[in-house]
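> Sequence order for the protein chains is A and B. The numbering of the first sequence is my numbering, which starts it at 1 and goes up by one. The numbering of the second sequence is my numbering, which starts it at 225 and goes up by one.
Please note: incorrect hints may appear among the correct ones.
Covered stretches of chain A (chain B as the covering partner; in silico rule of three or more C-beta atoms under 8 Å from a C-beta of chain B) [unchecked claim]:
| # | segment |
| --- | --- |
| 1 | 26-32 |
| 2 | 172-181 |
Stretch-level coverage of chain B by chain A, calculated; a stretch enters the list once three of its residues show a Cβ under 8 Å from a Cβ in chain A [stated by the list, open to error]:
| # | segment |
| --- | --- |
| 3 | 267-281 |
| 4 | 311-318 |
| 5 | 531-542 |
Below, a list of computed lysine to any residue pairs in the SDA-like style, where the Cα atoms sit at most 20 Å apart [as the list claims (entries may be wrong)]:
| # | chain 1 | residue 1 | chain 2 | residue 2 |
| --- | --- | --- | --- | --- |
| 6 | A | 27 | B | 421 |
| 7 | B | 268 | B | 375 |
| 8 | A | 27 | B | 418 |
| 9 | A | 27 | B | 268 |
| 10 | A | 27 | A | 3 |
| 11 | A | 27 | B | 277 |
| 12 | B | 395 | A | 4 |
| 13 | A | 27 | B | 419 |
| 14 | B | 395 | B | 433 |
| 15 | A | 27 | B | 375 |
| 16 | B | 395 | A | 19 |
| 17 | A | 27 | B | 382 |
| 18 | B | 395 | A | 27 |
| 19 | A | 27 | B | 308 |
Treat the hints as calculated values from the structure; they're not laboratory data. All of these numbers come straight from a predicted model, not from anything done at the bench. Don't be surprised by glycine CBs; every beta carbon is placed ideally from N, CA and C.
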Amino acid sequence: MSEQIREQVSAFLDGELPDTETELLLKRLTRDGELRESFGRYALIGEALRGAGSQILTRGFASRVNLAIDGEPAQAPAHAQLRREARWWRPIAGVTVAAGVAAVAIVALQQRSISPRLSGATTTAQNVAAPLRAAAPTQLPLQGGGGPREALSYTVVPAASTEAPSAIAPARLTNYVFAHSKYSSGLGQRGLLTDLLIDDDEVPPIPAQRAMPPPPAPDTRVAP
Amino acid sequence: MTQPRLALAYWLVPCALVGALLSTVPQSARGADDPRVWLQRMNKALATRNYDGTFFHISGGRVETMRIVHRVRSGRVTERLQSLDGSGREFVRANDELTCYLPDQHTVLVEPRQDRGPFLGSLPQFDATVSDFYRIEALPDTHILGRPTRVIAVNPKDQFRFGYRLWLDEKTAMPLKTQLCDSRGQVIEQIFFARLDMPESIPDSDLAPTVHTDGMRWVRQGASADNASAALAAYRASQLPPGFRLTVQGAQTIGGATAPASHLVYSDGLATVSVFIEQSSSDSGAPSALDPQAQAPEAPMQGLARVGSGYAFSTVVQGHQVTAVGEVPAQTVEFIAHSVKISSGAEIPHH
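Produce the complete structure using the sequences and hints provided.
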């Protein structure tokens, strides 16, 4: 990216690029995938500089993680943990990660420390065709019956997995999202629909250590 | 373009004058500055104006360029949302139908839609209930596309819902930039207009899909006239995150399924979560609408997936497939899905 383009992108993200130049930049961006990637990185950096924090949830990141650890078995955690750990679904063995098949963007999940306490499987479905296995499904300990109650705090205790369930197939996810979106009258509907327009393909690289915490199982490592 | 785009100078001069005048007025006297009033203006503009814009959808460092065309003519809304550089997918809403062209899937998905909300989204009226869980505030004004812009933040008060930041054109109240944020203010996703025209009229040709549908498979899904089986309809979320309540209960055909699923909608007034309760896929044997060749998986679905700016979580409850989907944090869909169980005597708001 030339210095001039860099300055244009920067000015655009700051809302300071004149109309005529914005038009030119837009034309370039729509036909130049490389420039779009740079633009995306700039947008991330811009948000970080503005103090809003950068967004770490990254479409397609699961693919890269799985490629890095392909072939290593998943392990269920030995005990419940108070802090939420990131885990993910992945092929049982040696399955090539297919890109570009997903109708719905499915991504890796960042490790989150949240309150109320929640520990359990944070999983990522990311391969349509392959049989997938859970590290550990979660269960909510519930009390009593009757109508719904508002929970003020809760804990999710990981349960031992005795089966090998499938992840949600992307095509099926698309159907769920469409069915849901008509009740989603807020800006959320826009978010859901625009994302359905996006193919989960050609993901720009994001440093792994920034996007994903180390996996919980000792024998699975994210390649640097 | 049917109209020349709004020129920079056209905006700057009058708005600078207005800004100078307003700056002399005490804050308390400026009812028009109430961020809620601005949200109402935005909703009205999104729903009632003609617009044709190109925007960037930025998520996780990835940028997609999209075009939105929205036309209101004789009270009828026609709308087209198109990916310009990605999948080639397009959504068109017209005549109370949402048609989704998915050329990469060789599929056209059609669903009846009576909803009037624009593709770009709007925010509901903020009543007292919503205010319990979101804080609305005006942030310092700025410029987007050279236009004076109001900045409104809708901040979630806990981690069970997302918030928004909106940059609204001072003149038209159109959102020139929108950010989806988590409860810590971190940006999850943003859209950023690079061009926004608001023409008096938009020709039909700008609303026609550009996808060639030869050889594509057409799939219809939608709310089912048949009720879900009593076994499925008896399930409810037994626990909910603060502020969420059941707003809709009905039946929904998912893709090419043979039997309708029970469809529950929970909302806090702004965010919504759908819960689908189905016969376990190994029982129904229903193939996916988008993948008819694939047989339904033998094993039940289980897991969390990101769906756009929201999440889906699927689990199995007493042999039934339970899937929660919504534009909410992962923990919210997980929480709700895990709490689903048979409920006796639940109140049932119908479609």
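> Which numbered conditions among the earlier hints are violated in the structure presented, ordered from lowest to highest?
As far as the earlier hints go, 9, 12, 14, 15, 17 and 18 are violated by this structure, in ascending order.
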